[in-house]
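Peer 1: If you read the sequences in order, they're chains A and B.
Letter by letter, the first sequence follows residues 35 to 482 in the numbering used here.
Letter by letter, the second sequence follows residues 853 to 1311 in the numbering used here.
It is possible that part of the hints are untrue.
Sample of chain B residues at the chain A side, in silico, Cβ under 8 Å [as the list claims (entries may be wrong)]:
id : residue
1  : Asn1032
2  : Gly1074
3  : Ala1078
4  : Tyr1109
5  : Ser1265
6  : Gln1269
Derived pair list, reagent style DSS-like, types lysine-lysine, alpha-carbon separation capped at 30 Å [stated by the list, open to error]:
id : chain 1 : residue 1 : chain 2 : residue 2
7  : A       : Lys136    : A       : Lys429
8  : B       : Lys892    : A       : Lys286
9  : A       : Lys331    : A       : Lys294
10 : A       : Lys41     : A       : Lys164
11 : A       : Lys429    : B       : Lys1163
12 : A       : Lys340    : A       : Lys240
13 : A       : Lys144    : A       : Lys228
14 : B       : Lys1121   : B       : Lys1153
15 : A       : Lys294    : B       : Lys1121
16 : B       : Lys950    : A       : Lys482
17 : B       : Lys1163   : B       : Lys1117
18 : B       : Lys1263   : A       : Lys240
19 : A       : Lys482    : B       : Lys1250
20 : B       : Lys1153   : A       : Lys482
21 : B       : Lys1117   : A       : Lys428
22 : B       : Lys1003   : A       : Lys482
23 : A       : Lys144    : A       : Lys240
24 : A       : Lys193    : B       : Lys1121
25 : A       : Lys41     : B       : Lys1263
26 : A       : Lys239    : A       : Lys225
27 : A       : Lys340    : A       : Lys136
28 : B       : Lys1153   : B       : Lys950
29 : B       : Lys892    : A       : Lys239
30 : A       : Lys354    : B       : Lys1153
31 : A       : Lys429    : A       : Lys354
32 : B       : Lys892    : B       : Lys950
33 : B       : Lys1121   : A       : Lys482
34 : B       : Lys1126   : B       : Lys1003
35 : B       : Lys950    : B       : Lys1126
Derived by calculation from the structure, the hints in this document are not laboratory data.
All values derive from a computational prediction rather than experimental measurement.
Cβ atoms here follow ideal geometry from the backbone N, Cα and C, with glycine treated the same way.
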Amino acid sequence: MEFQAFKEIVIARAAALGITEYELYYQAGESTEAGAFQHEINEFSSARSGGVCFRCIAGGKMGYASTEELSREQAEAIVVRAADNAAVLESEEPAFLCEGGKTYEALALKPYALPETETLIRTVLDTQEKLYAADPAVVDGCQTEGFCERNEIAIYNSKGLDLHYENNLSGLFVVAVVSDGTEKSDDFQIKVGKLTEIDTEKLVKKAVTAALRKLGGDVAPTMVCPVVFNPDAMTALLATFSPLFSAENAQKGLSRLGDKEGTQIAAPAVTLVDDPFYPESPMPIPFDAEGVPAHRKNVIENGELKTLLYNLKTAAVAGKESTGNAAKSGYDAPVDVQPFTMYLAAGEYTEEELLQKAGNGVYINSLGGLHAGANPVSGDFSLQSAGFLIEDGKKTAPVKSFTVAGNFYDLLRKITAVGDHVELPNANGVTAFGAPSVLVEQLSIAGK
Amino acid sequence: MISREVCRRVLQRAASTGADYAELFAENTADHTIRMIANKVDSIQDTVIAGAAIRVYRGLRSVMASTVDTTEAGLLRCAEQAAEALGQGTAALDIVLKERLFGDIHPVRIVPVTASNREKAEILKAGYFAAREYSSEISQVSGMLLDVDHKILIANSEGLYAQDRQIRTRLIIRAVAEVNGENQTGVCSPGRRMGLEMFDSIDPRAVGVHAARQAVTMAGAGYCPAGVMPVAIENGFGGVIFHEACGHSLEASSVAYGLSQFTGKLGEKIANEKVTAIDDGTIPNAWGSINIDDEGTPAQKNVLIENGVLKSYLIDKFNGRRMGMPSTGSARRQSYGFVPTSRMTNTYIAPGEDRNEDIITSIEYGLYAKEMGGGSVNPTTGEFNFAVNEGYLIRNGKICEPVRGASLVGKGSEIIQNIDMVGTELDMGQGMCGSSSGSIPTNVGQPLIRVSSITVGGR
Chain A
35 MEFQAFKEIV IARAAALGIT EYELYYQAGE STEAGAFQHE INEFSSARSG
85 GVCFRCIAGG KMGYASTEEL SREQAEAIVV RAADNAAVLE SEEPAFLCEG
135 GKTYEALALK PYALPETETL IRTVLDTQEK LYAADPAVVD GCQTEGFCER
185 NEIAIYNSKG LDLHYENNLS GLFVVAVVSD GTEKSDDFQI KVGKLTEIDT
235 EKLVKKAVTA ALRKLGGDVA PTMVCPVVFN PDAMTALLAT FSPLFSAENA
285 QKGLSRLGDK EGTQIAAPAV TLVDDPFYPE SPMPIPFDAE GVPAHRKNVI
335 ENGELKTLLY NLKTAAVAGK ESTGNAAKSG YDAPVDVQPF TMYLAAGEYT
385 EEELLQKAGN GVYINSLGGL HAGANPVSGD FSLQSAGFLI EDGKKTAPVK
435 SFTVAGNFYD LLRKITAVGD HVELPNANGV TAFGAPSVLV EQLSIAGK
Chain B
853 MISREVCRRV LQRAASTGAD YAELFAENTA DHTIRMIANK VDSIQDTVIA
903 GAAIRVYRGL RSVMASTVDT TEAGLLRCAE QAAEALGQGT AALDIVLKER
953 LFGDIHPVRI VPVTASNREK AEILKAGYFA AREYSSEISQ VSGMLLDVDH
1003 KILIANSEGL YAQDRQIRTR LIIRAVAEVN GENQTGVCSP GRRMGLEMFD
1053 SIDPRAVGVH AARQAVTMAG AGYCPAGVMP VAIENGFGGV IFHEACGHSL
1103 EASSVAYGLS QFTGKLGEKI ANEKVTAIDD GTIPNAWGSI NIDDEGTPAQ
1153 KNVLIENGVL KSYLIDKFNG RRMGMPSTGS ARRQSYGFVP TSRMTNTYIA
1203 PGEDRNEDII TSIEYGLYAK EMGGGSVNPT TGEFNFAVNE GYLIRNGKIC
1253 EPVRGASLVG KGSEIIQNID MVGTELDMGQ GMCGSSSGSI PTNVGQPLIR
1303 VSSITVGGR
């Protein structure tokens, strides 16, 4: 059954049950992936996915029910289940659906044509050959994978909202494995964009160079010192701690920023932006998960917290307007708050200048175990790291298997200089994160 | 579910371009989560997951296509896609399906999906308010009661037609303690492959108290010192050290491709002789247990390491082809949309002979890791990390003050040599393990162990 037919049944069922305030959120997609190992395509998959979330306000509470099965039976069942689920809720916070008739900004990025399967396979094999050709140290185990996907979101509600969004996405990722005969190391790189426009030579070189640099590194010494995070590492930290900027978390006491709007929470060098229309974002989106128009905002400006991120409910609780940051972790999840494209704005220093300012310390280009070693409630982190020593303002010996530890709230105040080039390496669902390199004046390194 | 005859037609279509193996996996899952925060039942997530995936192999090539349309027409279209993607060839398989019943070694008494929201909310509230009322320092508590009713059907060209139903229940309580404007957290999250009768043996209030006690303890703690030192890791979720340092590197998904540091080491001594490690999917009602894996192979008890010697890998059918080895019942996937691969079930270090007090008194200066958090590993380099949720310093063989904010890092092949004392009391902890085939329930476990030397990431 198609979504339109399913929707008609839901609308009729809701009317029959006297449910007048409701929303249907539909998400569907098709994706194709091809992976190569040892010069051959070894895995290929194609998937069609999709589901509908029905939510309704009953007795002032928002009940949810979802299904991937688009059948008459399920269309009728989710209406009943959502109303049943609302009945057990106790939260006294207000429940909202977005009013229709709003104006939405047009997206610069239009859905582009996805590659044919043949092109996908050829690009993957070709990139795999380039990996083997890139350096004599490259060994079996290298993987190349290409993907393309079509995503679709529709929101329909009883207040006149009827929105639709489509995005196409393709890209390549490579894992370069290198060996010096005694030790192996690897590096993973991903590039999203039209397959024909991706510079595969550059992508491969980046992965192989990074993998080679990790060979032979020693454990860093235990010390307290200045740390330069490269864009990948800084982005990983930012993505991990981004829940601190959610008004939902702040109102629930899970972030310490609840009463900090309008105050200095970071060093003056720090400006943090959430821009759903950021030109380099692979997935710009004109509306949030409630259908509120998305828009650009500075979250931190020169160290001052300008605003937290709000959805309709948290904005009402705070007596503010939604910032268009309603988000769902899956089509079936309750509405929460998330940034769309959140990045630390560029500063004025080249990476060389950041290293010079650091003097002696550690340069970190890889962080691991962020889901475990970082606590987004306390802000504490202790993370597996890799990178280089900084000696007399220059990157010297590679180091690995050490940790960097600190507290994110504290780190924001200790960013003394920011690099001049923002990269956007991390995309997860509808959220993308980015950062330039940054210099943090002091963090703890645990190694040998 | 899908009839044997429809499965046969779909498999025959999938194998029409020369596949030497074809498989259909279908599921229908009811997934239910009640959440509480700020003393109120806040949301209910209630989802039906339904779809199917078809895989075909030819030699070392695998193709999968998945769909949400499980009508015969939808499945045949999906089979067609898989067959086309595999390429040119002629049909070589004559498929006859025989139903196989594997029974259920994980009996369920109260099917959660049939219990009312109110009944489940009462269980959650008992745990929630036990945490809330533990101390005036508890500033926030959040809680979740999750239940999953996962029905699967697997049919393949070897003639298998089998079904299984996996019911799981889990309670998660997270507490936040606030002291001097700083927040610290505590968590407790027991889960079982059983229904609501789980709470006959696990008191939800004890779960809440556990989380709150940890948050309050950590709120009063100083930072963990940094450096290399001996560490005693407690039983239960402490077993995450083996899961990360070694378990993932024994999965065929890295061994088959020569990526793992343990490739080609069967029969060799890779760990300290004190270490015997087992992956056992057959433990009745344990969180990571299965009856059959997601390729329809019955669950097994696999001894991975015996007295330090590598005995077995964790193998699925597809990667087993490359390795020339049979499946060990280790193929798992989060749902039909994920390509299944070799994964862990309930993985633990078997009990040894060292007394707990001897392990602690043997450490002059080091860390006692009472409760561990999650971790991760890169199987290619063996570098792993995991977090210490609740740690204490050991001085002169005595457990002293609590310390916070530490993680442990190292290289798997080195650290499993350093596990030089193993206690007698095995316990397990529950986690969700994330990898290429999605997020799946796994148990980790061990008795109290000593790691003679490891990097402690304090500050």
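Peer 1: Run every hint past the structure and note whether it holds.
Peer 2: Status of each hint after checking the structure:
1. Asn1032: At 12 Å from the nearest chain A Cβ, Asn1032 (chain B) fails the 8 Å test, so the hint is violated.
2. Gly1074: Where the cut-off is 8 Å and the nearest Cβ of chain A is about 12 Å from Gly1074 (chain B), the hint is violated.
3. Ala1078: 3 Å, holds
4. Tyr1109: Given a least distance of 5 Å, the restraint on Tyr1109 (chain B) holds.
5. Ser1265: Violated, about 11 Å.
6. Gln1269: 15 Å, violated
7. A:Lys136 / A:Lys429: 52 Å, violated
8. B:Lys892 / A:Lys286: 12 Å, holds
9. A:Lys331 / A:Lys294: Holds, because 17 Å separates the two Cα atoms, which is no more than 30 Å.
10. A:Lys41 / A:Lys164: Outside the cut-off at roughly 49 Å; violated.
11. A:Lys429 / B:Lys1163: 43 Å, violated
12. A:Lys340 / A:Lys240: Given that 30 Å is the threshold and the Cα spacing comes to 37 Å, the pair is violated.
13. A:Lys144 / A:Lys228: 12 Å, holds
14. B:Lys1121 / B:Lys1153: Judged against 30 Å, a Cα distance of about 21 Å means the pair holds.
15. A:Lys294 / B:Lys1121: 57 Å, violated
16. B:Lys950 / A:Lys482: This hinted pair is violated, its Cα atoms lying about 59 Å apart.
17. B:Lys1163 / B:Lys1117: 9 Å, holds
18. B:Lys1263 / A:Lys240: Holds, at about 25 Å.
19. A:Lys482 / B:Lys1250: 24 Å, holds
20. B:Lys1153 / A:Lys482: 38 Å, violated
21. B:Lys1117 / A:Lys428: 41 Å, violated
22. B:Lys1003 / A:Lys482: 50 Å, violated
23. A:Lys144 / A:Lys240: 29 Å, holds
24. A:Lys193 / B:Lys1121: 68 Å, violated
25. A:Lys41 / B:Lys1263: It is violated: about 53 Å lies between the C-alpha atoms, which goes past 30 Å.
26. A:Lys239 / A:Lys225: At roughly 13 Å apart (the allowed maximum being 30 Å), Lys225 (chain A) and Lys239 (chain A) satisfy the hint.
27. A:Lys340 / A:Lys136: Holds, at roughly 25 Å.
28. B:Lys1153 / B:Lys950: The hint holds at about 26 Å.
29. B:Lys892 / A:Lys239: Violated: Lys892 (chain B) and Lys239 (chain A) sit about 53 Å apart, past 30 Å.
30. A:Lys354 / B:Lys1153: 57 Å, violated
31. A:Lys429 / A:Lys354: The hint is violated at about 47 Å.
32. B:Lys892 / B:Lys950: 51 Å, violated
33. B:Lys1121 / A:Lys482: 26 Å, holds
34. B:Lys1126 / B:Lys1003: Violated, because 40 Å separates the two Cα atoms, which is more than 30 Å.
35. B:Lys950 / B:Lys1126: Violated, at about 45 Å.
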